[in-house]
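Asks: Sequences listed follow chains U and S, in order. Here this note's numbering is used: the first residue of the first sequence is 1, the next is one more, and so on. Here this note's numbering is used: the first residue of the second sequence is 1, the next is one more, and so on.
Mixed in with the good hints there might be a few duds.
Unchecked claim - DSS-like, lysine-lysine: derived pairs with alpha carbons at most 27 angstroms apart:
1. U:K202 with U:K85
2. U:K55 with S:K6
3. S:K55 with U:K6
4. U:K85 with S:K85
5. U:K298 with U:K313
6. U:K298 with U:K189
7. S:K174 with S:K189
8. U:K187 with U:K198
9. S:K55 with U:K55
10. U:K318 with U:K304
11. U:K318 with U:K298
12. S:K192 with S:K55
Unchecked claim - Okay, the calculated beta carbon distance ranges per label pair:
13. U:P321 with S:D119: 42 to 48 angstroms
14. U:E188 with S:D262: 55 to 61 angstroms
15. S:D262 with U:S144: 52 to 58 angstroms
Source of the hints: derived by calculation from the structure; they are not laboratory data. C-beta atoms are modelled at their ideal positions from N, C-alpha and C, and glycine is treated no differently.
There are 2 protein chains.
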Amino acid sequence: MDALHKLGEYEIVKRIIGLLDEMPDIPVTFGDDVSAIRIGRGRMAVFKTDMLVGKTDVPPGMSLWQAARKAVVMNVSDFAAKGIKPIAFLVSVGFPRTFLESDVEDVGRGLNAGAREYDAYIIGGDTGESSDLIISCTVIGFGSERSLVTRSGASPGDVLAVTGTFGETSSGLKILLEKLSAPTEIKEKLLKHVYLPKARLKEGLALARSRAATASIDSSDGLAISLHQLGSMSDVGFIVTDLPIPPEVERFADIHGLDPRDLALYGGEEYELVVAIKTSLWEKAYRATKMAGGTLTKIGTVTKERKVILKMKGEEEKSIPFRGWEHFKR
Amino acid sequence: MDALHKLGEYEIVKRIIGLLDEMPDIPVTFGDDVSAIRIGRGRMAVFKTDMLVGKTDVPPGMSLWQAARKAVVMNVSDFAAKGIKPIAFLVSVGFPRTFLESDVEDVGRGLNAGAREYDAYIIGGDTGESSDLIISCTVIGFGSERSLVTRSGASPGDVLAVTGTFGETSSGLKILLEKLSAPTEIKEKLLKHVYLPKARLKEGLALARSRAATASIDSSDGLAISLHQLGSMSDVGFIVTDLPIPPEVERFADIHGLDPRDLALYGGEEYELVVAIKTSLWEKAYRATKMAGGTLTKIGTVTKERKVILKMKGEEEKSIPFRGWEHFKR
Numbered sequence: 001m002d003a004l005h006k007l008g009e010y011e012i013v014k015r016i017i018g019l020l021d022e023m024p025d026i027p028v029t030f031g032d033d034v035s036a037i038r039i040g041r042g043r044m045a046v047f048k049t050d051m052l053v054g055k056t057d058v059p060p061g062m063s064l065w066q067a068a069r070k071a072v073v074m075n076v077s078d079f080a081a082k083g084i085k086p087i088a089f090l091v092s093v094g095f096p097r098t099f100l101e102s103d104v105e106d107v108g109r110g111l112n113a114g115a116r117e118y119d120a121y122i123i124g125g126d127t128g129e130s131s132d133l134i135i136s137c138t139v140i141g142f143g144s145e146r147s148l149v150t151r152s153g154a155s156p157g158d159v160l161a162v163t164g165t166f167g168e169t170s171s172g173l174k175i176l177l178e179k180l181s182a183p184t185e186i187k188e189k190l191l192k193h194v195y196l197p198k199a200r201l202k203e204g205l206a207l208a209r210s211r212a213a214t215a216s217i218d219s220s221d222g223l224a225i226s227l228h229q230l231g232s233m234s235d236v237g238f239i240v241t242d243l244p245i246p247p248e249v250e251r252f253a254d255i256h257g258l259d260p261r262d263l264a265l266y267g268g269e270e271y272e273l274v275v276a277i278k279t280s281l282w283e284k285a286y287r288a289t290k291m292a293g294g295t296l297t298k299i300g301t302v303t304k305e306r307k308v309i310l311k312m313k314g315e316e317e318k319s320i321p322f323r324g325w326e327h328f329k330r
Numbered sequence: 001m002d003a004l005h006k007l008g009e010y011e012i013v014k015r016i017i018g019l020l021d022e023m024p025d026i027p028v029t030f031g032d033d034v035s036a037i038r039i040g041r042g043r044m045a046v047f048k049t050d051m052l053v054g055k056t057d058v059p060p061g062m063s064l065w066q067a068a069r070k071a072v073v074m075n076v077s078d079f080a081a082k083g084i085k086p087i088a089f090l091v092s093v094g095f096p097r098t099f100l101e102s103d104v105e106d107v108g109r110g111l112n113a114g115a116r117e118y119d120a121y122i123i124g125g126d127t128g129e130s131s132d133l134i135i136s137c138t139v140i141g142f143g144s145e146r147s148l149v150t151r152s153g154a155s156p157g158d159v160l161a162v163t164g165t166f167g168e169t170s171s172g173l174k175i176l177l178e179k180l181s182a183p184t185e186i187k188e189k190l191l192k193h194v195y196l197p198k199a200r201l202k203e204g205l206a207l208a209r210s211r212a213a214t215a216s217i218d219s220s221d222g223l224a225i226s227l228h229q230l231g232s233m234s235d236v237g238f239i240v241t242d243l244p245i246p247p248e249v250e251r252f253a254d255i256h257g258l259d260p261r262d263l264a265l266y267g268g269e270e271y272e273l274v275v276a277i278k279t280s281l282w283e284k285a286y287r288a289t290k291m292a293g294g295t296l297t298k299i300g301t302v303t304k305e306r307k308v309i310l311k312m313k314g315e316e317e318k319s320i321p322f323r324g325w326e327h328f329k330r
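One chain only, chain U, in its complex shape (with noise of 0.2 angstroms):
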């Protein structure tokens, strides 16, 4: 029998839904980043968890109180995704039994300052003890059914857009992991995206109001499987022509002979939002974005045949395979 890191994340949560009775009456299908029931008058309850386990989703040099506020960010990114503002939190946290009470005070200022970051709070938990230090946060929401930004409604002919730049965790990540060297200015720039991770709720929030955006998805498993889960929900394709890739990744890539291209795609822990935007109404959500602070940069077009696609310009088009961070897989 195959064991767990043979099947991997996507395979095993796959099986596990696929044992579950499915809620009759669900706005919001299995597969999707956030989870909703009906509450009457076409609103909904929204809700999400994520779980982060120190031993894989903790880098090296990262404070309990900066892995504490992550555990937050991580679950405020997919309500990003979808258009919905976080409102609380309820976390449960298994504590090693060798940590000291100011470890467990760090857990807790770094949870406050996570939802307060976005203007929610924790109103209830749990803790035990565990081997590993776990926290595993659940967000909850509302919104109306109509606005929430599904990852299935992206249409032929959409533009493909992207709020900020790709590449700087996954260079991060290899100083930290493959302790590969940087210069002092980009070293830091890069790993504050490891250990400040920012949601973009505000972009998320404007992009839904804009009602310009047909389906959406957070980065965090990295921006090629992002492509490819947001296509095989909307059974569509992507060619993207375009990576918004910042000056420190160019640089780091030529001092390790990397390809800036495959720090920028296959990455992973990284929230930027990938969205799909009816081409009629670009303007609207690009505006939108830009009044929000952020950016959005278009880096494709959707397309109806099933793949993902690189064809950056004057060069051959190359397939972007399914790969990126999945848990049980290294």
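Start from chain U and add chain S according to the hints.
Replies: Below, chain S without anything else, positioned relative to chain U:
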């Protein structure tokens, strides 16, 4: 500095809560069994999260199916105490690398069984890799603000009552963890309480509907701790004059020279309800519980003095200490 096992779970939770900004206008305070958010027109969305850790919460001989089911039932029990019907669950599962595909499927089936047993559904979740088996469940429900039975409404003079009987689980855990012996027919009954705990949902919903309960808690940390917590949140005390101990617990205690009252008071992982009932509505509460298929037994009285006292017929009164199941403490 104190390590966590010196602090214990309750002090750890207190420390963390002390570091959190409290959400304004929250209908249920920190320290109750559930959290809630007002959703308008007197209604609330109600939540509870509880985490099962293989190492501390899964006794020897419990199957993965049973452990997963129990992780759900633990959460249902808190809703039962508040008189709130569970609608849906989110579940984060941490799987050890050594698990097999069939183990994953057992967990999936157990989760589904636990939810369906109480007419609810699993609607979302997350998985990751961890050293221990981790099952963190969040349960979601809705209710009117008036009907939720908090921990804080008990008044001196109220009847103190419980559902079911006590001592089976602690006896069963002694068989499993301390290898104490028991005749087969008794052993089977006791172990069933450990492996297949039931939440008193029908009873809890009936009690809430009867409007006879002034305060309620489940006995998952043991009857003694539950009484102390109920007393602390209601600013009252209790005189316990009776304990519903079944014959198999009496027999088990007799065989091993144990005090059956200790087994009933200082156990844990037992999911009965501990409720305060308005004296004038006792008959109504009793009948409502019976109609729901359960039992409600008067075990004492709510007192003004903030003490928890055992005063059995013809005996001296004795203090019931805050002692029972607490994470990190063992």
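Asks: Now tell me, hint by hint, if it's right for this structure.
Replies: Against the structure, the hints:
no. : hint                                   : result
1   : U:K202 with U:K85                      : holds (9 angstroms)
2   : U:K55 with S:K6                        : holds (25 angstroms)
3   : S:K55 with U:K6                        : holds (25 angstroms)
4   : U:K85 with S:K85                       : holds (26 angstroms)
5   : U:K298 with U:K313                     : holds (14 angstroms)
6   : U:K298 with U:K189                     : holds (24 angstroms)
7   : S:K174 with S:K189                     : holds (13 angstroms)
8   : U:K187 with U:K198                     : holds (18 angstroms)
9   : S:K55 with U:K55                       : holds (17 angstroms)
10  : U:K318 with U:K304                     : holds (17 angstroms)
11  : U:K318 with U:K298                     : holds (19 angstroms)
12  : S:K192 with S:K55                      : holds (20 angstroms)
13  : U:P321 with S:D119: 42 to 48 angstroms : holds (43 angstroms)
14  : U:E188 with S:D262: 55 to 61 angstroms : holds (59 angstroms)
15  : S:D262 with U:S144: 52 to 58 angstroms : holds (55 angstroms)
The structure agrees with every numbered hint stated previously.
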